[in-house]
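Novice: For the protein sequence lines, the chains are E and L, in the order given. Here the first sequence is numbered in our numbering, starting from 943 and rising by one per residue. Here the second sequence is numbered in our numbering, starting from 943 and rising by one per residue.
Zero decoy hints are in this set.
Here are the simulated lysine-lysine pairs, DSS-like style, with alpha carbons at most 25 Å apart: (1) L:LYS1094 - L:LYS1160; (2) L:LYS985 - E:LYS1065; (3) L:LYS1243 - L:LYS1273; (4) E:LYS1273 - L:LYS1217.
Covered by chain E, per the in silico footprint, the following chain L stretches (three or more residues, Cβ under 8 Å): (5) 988-995; (6) 1161-1171; (7) 1186-1195.
Hints were generated in silico from the structure; no laboratory data involved. In this text, a Cβ means the ideal position worked out from N, Cα and C, and glycines have one as well.
Next come the chains, spelled out residue by residue.
Protein chains: 2
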Amino acid sequence: MRYILLSFFLMTSLFSLEHKVYTLTLASSWGDQIPILGSAPYKVAKLANEMSGGRLVIKIDLPQKHKAPLGIMDLVKEGLYDIGYTTPVYYKGKDYKLVFFMTVPFGMTTTEQYAWYYHGGGKELSQKVYAPHGLRSYPGGSVGMSMGGWFKKEIKSVEDLKGLKIRISGQGGDVMARLGVNAMSTPPGELYMAMETGVLDAVEWIAPAFDMAMGFHKVAPYYYTGWSKPSGEGQYLVNKKKLDTLPEDLKVILESAIKITARELLDESNDANAKTWAQMQKEYPHIKINHFPKEIMASLKLSAKEVEEEQARKDPLYRELLESQRTYIAKIRPWSMMGEFDYLRVVTP
Amino acid sequence: MRYILLSFFLMTSLFSLEHKVYTLTLASSWGDQIPILGSAPYKVAKLANEMSGGRLVIKIDLPQKHKAPLGIMDLVKEGLYDIGYTTPVYYKGKDYKLVFFMTVPFGMTTTEQYAWYYHGGGKELSQKVYAPHGLRSYPGGSVGMSMGGWFKKEIKSVEDLKGLKIRISGQGGDVMARLGVNAMSTPPGELYMAMETGVLDAVEWIAPAFDMAMGFHKVAPYYYTGWSKPSGEGQYLVNKKKLDTLPEDLKVILESAIKITARELLDESNDANAKTWAQMQKEYPHIKINHFPKEIMASLKLSAKEVEEEQARKDPLYRELLESQRTYIAKIRPWSMMGEFDYLRVVTP
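Produce the complete structure using the sequences and hints provided.
Specialist: Put into structure tokens, the structure is as follows:
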């Protein structure tokens, strides 16, 4: 009898241990009104729940609840949330080197950047950067190539840029500022009005699917091709202490749910951009695709190098990241060019 | 007492049900001596095992064991294996439309094809094609862009192609045959010797990392850029009846392990191609990157259309797939061109 009771007790304990539900909280930078980015964390939560048979639950809070869309990194660092869905570039004011994990002007395309991350030392550098904060960072999915932005007037020379009021985020803003641009960080909700009333002369946002929702095509006819954000990787930040409380299988399940959601975000962005661009061309035939002249591109490149050297002098780990990405681009770009680029060049009529 | 025993019995049953180990067998088309493709199914097995806490076990057999690297589809269909790791193009002799799930000449790049698969009806068409065989097919990962092959002599006109003995697989072979090429399917193990002894004049294989291992650069100096395989998607075929025996969580875990391994295969291929191309250029500076002249590309395109029309007349589902991909390319290609293509064009010195 004593033996049976003991077994019963052991069985029950094992069974409840096995069925213990782990609940993690997640704070997202983007509300569900934002296309694609808004719904991504719900996909992570659903997938993690399905794979774990209900043992892993992720509760999501949007900006309207946590009130800190640009402060996610601190929320997770301080343990107020277990996971944050955000993008490294939001924290460049505190630590400039974080931009390397999102995208940098004249940097890698999305596919190049994933090759760097998994095979060129990127993942190890990410851990080196985030470990002192008690965080693990996972690539959160790329929106792909960003456009150069919507301009009210055609830009023909570096001279034309001087004094122009442009909303441009990330490192691109610092690069343009060096050419005399008045780089502004107008809040998203005020952008359309600012463009309409002339508070802004131009706005760099993302790409067709995201841009059309903002309405910029109605107030600025020149749509410039991109140079400042050749990729656009988000991130999931996880509080390391909390991560370590998960059983091994749930850790891998969480990482896997993030990986899949991240990869599929690029498919969704590409599809949405393609669809929206076709619609834009049809409904707004006045839109002109423009390219910055060679002279401007050369100046922007030079300016980007200056921004990078300035940061590298201040922070050895920034320099390590800069060198790592520069070396990797030099290696992978020839393959990108002789592979897909050459194919697209040749087959397009 | 009776109550305690009953509870004990129920607990034990539940516990063992929870811990039942499901073992699936997998047959791979590629031995572990093949770079990248050889190791992929082991990654699926490891990930599935970790996520399931040991409840899902995948046992892998290589060609030396099952002896049917080109017959995987039948092995899984007949239930001799539960999963097959292979590529749709191997079965084009039986069913030509399967090529659409790997790649077609002048078709989509890898990123375009994923957007089509998940957002342009590709997944639904895949189920329509494979359901009658009792199979589910999952994208198995793309090796990315393939090159046009190694040629002993420079090709300057369509005339130069006539009578040339070229090893070229997939739909590309059928396309070239229409231009008078003697398209051959020499087994991989004999290719180097065939090139050296003049049995072959040219060989289309994959891309630098895979090609260098074959040694073609030692016997043919002209390396042509690609047109026939703009992507190179593999597949995991799963026996549907067997899949249905898995509990829901293990089903999602299996699909997720496949998805992650598939996506990361492209990173690995891009990295390996970049690395190998740099090495090739250094060690074999005589290698010349060549482009087929416009006249030849135009003839190849025309010939590809003929092959497609011929197949479409025979099989309505082939036509449905053809139209689906053509429509999707027309939609997504403008975005590919104004996005990443334009960026690479502008930033490359």
